[in-house]
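Colleague: Let the sequences and hints guide you as you build the complete structure.
Going left to right, the sequence shown walks through residues 12 to 326 as my numbering numbers them.
Since the hints were made in silico from the structure, they are not lab data.
Hints may be right or wrong, so weigh each one.
[To be verified] Calculated lysine-lysine pairs in the DSSO-like style (CA-CA distance at most 27 Å, straight line):
id, residue 1, residue 2
1, Lys19, Lys33
2, Lys104, Lys91
3, Lys306, Lys33
Bear in mind the structure is a predicted one, so any value in this text is a computation, not a measurement.
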Amino acid sequence: MSDINCIKHLRNKKGLSITKIKETLGINWRTAKKYADEDQLPDSKIKQSNGMMYTDKWGEIVSDWLFEDSKLKKKLRRTKKQIFNELLGLGFKGSYRTVCYFISDWENSHNEEIDKGHDRLEHPPSEAQVDFGVMEVVKDGEFIDTHVLVMSYPHSNAAFAAPLPSENQECFLQGLKLLFTQSGGVPRRIRIDNLTPAVKKVRSKTEEAKLTDAFIQFQNHYGFEVQVCNPRSGHEKGSVENKVGYIRYNFFTTSPVMNSFEDLTETLRKQLQNDRQRLHYEKEVMIEDLWNIEKDFLLELPTEDYQSLKKLKQR
Numbered sequence: 012m013s014d015i016n017c018i019k020h021l022r023n024k025k026g027l028s029i030t031k032i033k034e035t036l037g038i039n040w041r042t043a044k045k046y047a048d049e050d051q052l053p054d055s056k057i058k059q060s061n062g063m064m065y066t067d068k069w070g071e072i073v074s075d076w077l078f079e080d081s082k083l084k085k086k087l088r089r090t091k092k093q094i095f096n097e098l099l100g101l102g103f104k105g106s107y108r109t110v111c112y113f114i115s116d117w118e119n120s121h122n123e124e125i126d127k128g129h130d131r132l133e134h135p136p137s138e139a140q141v142d143f144g145v146m147e148v149v150k151d152g153e154f155i156d157t158h159v160l161v162m163s164y165p166h167s168n169a170a171f172a173a174p175l176p177s178e179n180q181e182c183f184l185q186g187l188k189l190l191f192t193q194s195g196g197v198p199r200r201i202r203i204d205n206l207t208p209a210v211k212k213v214r215s216k217t218e219e220a221k222l223t224d225a226f227i228q229f230q231n232h233y234g235f236e237v238q239v240c241n242p243r244s245g246h247e248k249g250s251v252e253n254k255v256g257y258i259r260y261n262f263f264t265t266s267p268v269m270n271s272f273e274d275l276t277e278t279l280r281k282q283l284q285n286d287r288q289r290l291h292y293e294k295e296v297m298i299e300d301l302w303n304i305e306k307d308f309l310l311e312l313p314t315e316d317y318q319s320l321k322k323l324k325q326r
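Modeller: Here it is as structure tokens:
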């Protein structure tokens with residue numbers, strides 16, 4: 012029901028058109044129209060929603076479980092059998108097959124909106140782009156360069172940044188960890204260019220790009236997908252490149268004094284948080300409102316801390 016409430020909020024409180032709601036949330040136009048303007052939910056024209064999963068509380072319970080599990084790695088998600096057994100513990104009287112049918116319906120509709128049904132140019136929620144930018148700061152009375160790792164979420168235009176001493180592998184992975192923490196979750200998909208800390212062999216006409224062992228281990232720990240841009244194709248990650256320039260020209264025009272990387276990181280975090288209090292350049296919705304919707308699609312942060320390949324080998 013949270014998705015429906017969000018549609019109604021954008022329609023009634025923000026005054027968005029059906030087309031704008033469709034573009035903002037990345038959903039079907041008819042879905043946006045149905046939930047934005049109907050006082051009561053109409054019957055499905057695709058399939059009759061009959062039975063206890065739809066008329067009683069059970070469907071809503073399972074829907075909530077499935078949405079929460081979608082933020083986890085697949086191996087941590089409940090199986091259909093586990094969901095059925097948990098429902099039995101709550102007093103469910105239906106059959107296992109009934110639950111399976113409902114889950115299939117949910118996956119064919121709801122998950123399509125989360126993971127599958129988006130045109131690549133529309134930037135689905137929880138897709139991020141990452142890149143480095145070199146910024147000038149003042150440290151101990153001298154002008155020096157610092158390497159700022161920027162993570163942009165094109166769907167909402169929210170961004171996070173972490174200044175680092177270098178662009179080596181250790182700094183890159185530590186920077187990503189910090190950006191995940193700032194985001195409050197992990198993007199489902201990250202688009203990068205051919206960064207040396209992540210890519211050991213660039214994509215060719217016959218082969219896909221090959222990732223470094225350390226980055227693969229990092230990726231597996233956090234559960235995100237990776238998309239490597241084609242060589243000399245900066246337009247494929249135009250959002251983060253624009254965001255790097257935006258940060259440079261808005262927050263580094265006058266070189267800030269850097270007492271420590273931690274202090275500068277916190278300053279940037281606050282600046283970018285405040286920067287979300289403006290309209291999206293295209294969607295006519297506050298970036299903060301869009302981000303509050305998008306962050307619900309992030310994967311959950313792992314409970315165990317990431318340990319680098321180097322640390323594992325030292326054990």
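Colleague: Each hint: holds or not?
Modeller: Evaluation of the provided hints:
Taking the CA atoms of Lys19 and Lys33, the gap is about 12 Å. The hint holds against a cut of 27 Å. In summary, the hint linking Lys104 to Lys91 is supported, as the alpha carbons are separated by about 16 Å, within the 27 Å threshold. For the suggested pair Lys306 and Lys33, the alpha carbons sit about 18 Å apart, so the restraint of at most 27 Å is met.
Violation of the numbered hints given earlier is absent; every hint is satisfied by the structure.
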